[in-house]
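Colleague: First to last, the protein sequences are chains A and B.
FYI, in the working numbering the residues of the first sequence are 9 to 476.
FYI, in the working numbering the residues of the second sequence are 4 to 197.
Check each hint, because a few of them may be wrong.
Stated by the list, open to error - In silico EDC-like pairs for lysine to aspartate or glutamate, Cα to Cα no more than 20 Å straight-line:
1) A/K171 with A/E83
2) B/K34 with A/D95
3) A/K272 with A/E246
4) B/K34 with A/E83
5) B/K34 with B/E48
6) A/K16 with A/E278
7) A/K170 with B/D169
8) A/K171 with B/D11
9) B/K161 with B/D11
10) A/K16 with B/E185
11) A/K272 with B/E191
12) A/K170 with A/E372
Simulated from the structure, these hints should not be mistaken for laboratory data.
These are the residues of each chain, in order.
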Amino acid sequence: MPHTLYDKLWASHVVHEEPDGTALVYIDRHLVHEVTSPQAFEGLRMAARRPWRERSIVATADHNTPTTHWDRGIEDPISRQQVETLDANIREFGALAYFPFRDGRQGIVHVIGPEQGATLPGMTVVCGDSHTSTHGAFACLAQGIGTSEVEHVLATQCLLQKKSRNMLVEVAGALQEGVSAKDIALAVIGRIGTAGGTGYAIEYGGEAIRALSMEGRMTLCNMAIEAGARCGLVGADEVTVDYVRGRPFAPRGEMWEQAVSYWKTLNSDEGAAFDQVVRLDACAIEPQVTWGTSPEMVTSIGGVVPDPAREPDPVRREGMARALRYMGLAPGTPMCEIPIDKVFIGSCTNSRIEDLRAAAMVVEGRRVADNVRQALVVPGSGLVKRQAEEEGLDQVFRAAGFEWREPGCSMCLAMNADRLEPGERCASTSNRNFEGRQGAGGRTHLVSPQMAAAAAIVGRFADVRALL
Amino acid sequence: MRPFTILDGLVAPLDRANVDTDAIIPKQFLKSIKRSGFGPNLFDEWRYLDVGQPRYQGAQILLTRSNFGCGSSREHAPWALDDFGFRAIVGESFADIFFNNCFKNGLLPVVLPAAEIDALFALVEVTPGFRLRVDLPNQVVVRPDGHVIAFDIDAFRKECLIHGLDDIGLSLRHADKIRAFEERRRAEQPWLFA
Ligand code: SF4
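Could you put together the complete structure from these sequences and hints?
Modeller: Printed below as a string of structure tokens:
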């Protein structure tokens, strides 16, 4: 019987199954950051337990770390305590690798896992962070978990869960120039809604997906959770193998060959059955911009802010009206007439080298518009930052009036000093436009790096295709 | 873990869909390294809503709409709900990670059909002191007028909640199986253990 990729990954990791289908699933890689781990380590300590396999752990501090003045350390005492607690926990319990604050390889956990080769095809990957779905780009079963589950994985090397259903999102054809993986991700969410993928593992397939780089696939899988799916998946191919080759924790020599021949099997079989199939045409996808306070509240750059009065469902109508009040937008406003105050290029969705290159290409030789108060570029990791600097991208951004920062989550969730002030409107390459996400009262519009760059230059949302 | 069997509690309404975990407990409260003390910051910016009104003080059941708990995986969300005094959340649907996290903290998320949820919102609005009886062993929610609504729950989760069983302890009963699985994996895919 033909199997889906998800079926294969699931079947190869089940250790034990209860009669109702609840299974103990073995975990190969456990990524850890400072916000969701302290209570888990504390639980372990209180029960006098040790990690089952500490060499499955790769840890970093990313959410709370500042993006300026690293020489001064972390000034916020509570953030500092959280980061120091992680330092101490890793010292006490051990890890395969730890990239602490100020390490040259530190960065957003979902950027550094793949970058270090700590995320490998066929693995089960967990992290106390919903965007763990990112790693599914490597044909991994990668899922975000809660803190109790972090403790459970630490103690047992397993996760307790039931199998999800299979959804295939198939994107045929080729993307237009100026349209990226982020636009696919947003278009998919616009189509199926933020709960459309609940209970499913989403596999992305089709020519347009095959044509994406690993960075693009990561962007896509990153936002599977925004469609409600705990994990997103892309089958393994040459692109996957090429990306992994030579990375610090990737296998070498004979083991490499052995691994690659296994990885080649990590695709859905011809004729495998999916519980649901969603089809999109790549060439019909326009650059996307969100207008509301949920990623499903999205339209294309040529669109307008929708009118709640036209929504028949009362709960949805009220939700739209509330979103527009919060966002300070009137129905019917063309997206390309909305002026912005800030620009944020960063986050685990779009802070990899390819994202920075795409944004820099738009910015090169131009200036950030006068009405834009702040334009930030926050690389996803120390290594991304270094590479970008070697390529001169930092100079392109700085010359245009962008600030070039140290790596971390930064204004994606504003746990550090980078945030929106009440009422400020931001073109952001992150993944969540919830109320207050980037700072209390802040107004977030999700876009691709190219579109964020275009907005910075024009001072309002603009069709990047006109700037290429 | 605290067991959950039968709860007869006051109901507080939160009439919104897609309530995300950023709204349940905003990030400025995530810096704690403890599990408790989040209650006072539950729904931080939303206390002006029904849920914060005096008539709902002491509520143990939260009534909501669809896709409750979407967004971030932060377990601080169920911790805050629990710390505030909620024991059960009744809604049309829940986001996956949040749903899971509830069970780890003795909170019961109950999924009911949309029509039943609509009716409950209407009743809460017109009935001061509106209470519900959530009966986990029998998998039913009972309204004060005697109307009974059945709900589904995984057998394993139900068992764990009713007896307050600790997941880790339960899983470690299979330690031998985990070890055997690991050994086989080490032999077949040695690069994972390098
Ligand atoms: S960049 Fe944003 S979404 Fe990604 S892990 Fe950090 S806070 Fe979470």
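Colleague: Each hint: holds or not?
Modeller: Comparing the hints with the structure gives:
1. For the given pair, A/K171 sits about 44 Å from A/E83 by alpha-carbon distance, which is inconsistent with the 20 Å threshold.
2. Simply put, B/K34 and A/D95 have alpha-carbon atoms about 15 Å apart, close enough for the 20 Å limit, and the pair holds.
3. For the hint linking A/K272 to A/E246, the alpha-carbon distance of about 9 Å falls within 20 Å, and the restraint holds.
4. Restraint check for B/K34 and A/E83: satisfied, since their Cα atoms lie roughly 14 Å apart, inside the 20 Å limit.
5. Taking the CA atoms of B/K34 and B/E48, the gap is near 18 Å; set against the 20 Å cutoff, the hint holds.
6. For the proposed pair A/K16 and A/E278, the alpha carbon gap of about 13 Å is at most 20 Å, so the pair holds.
7. Distance restraint check for A/K170 and B/D169: the Cα-Cα separation of roughly 18 Å lies within the 20 Å cut-off, and the hinted pair is therefore satisfied.
8. At roughly 33 Å between alpha-carbon atoms, A/K171 and B/D11 are farther apart than 20 Å, so this suggested pair is violated.
9. For the suggested pair B/K161 and B/D11, the alpha carbons sit about 18 Å apart, so the restraint of at most 20 Å is met.
10. Using a Cα cut-off of 20 Å, the hinted pair A/K16 and B/E185 holds, with the two alpha carbons roughly 17 Å apart.
11. Under the criterion of a C-alpha separation no larger than 20 Å, the hint pairing A/K272 with B/E191 is consistent with the structure, at around 15 Å.
12. Under the criterion of a C-alpha separation no larger than 20 Å, the hint pairing A/K170 with A/E372 is inconsistent with the structure, at around 49 Å.
The structure shown violates the earlier hints numbered 1, 8 and 12.
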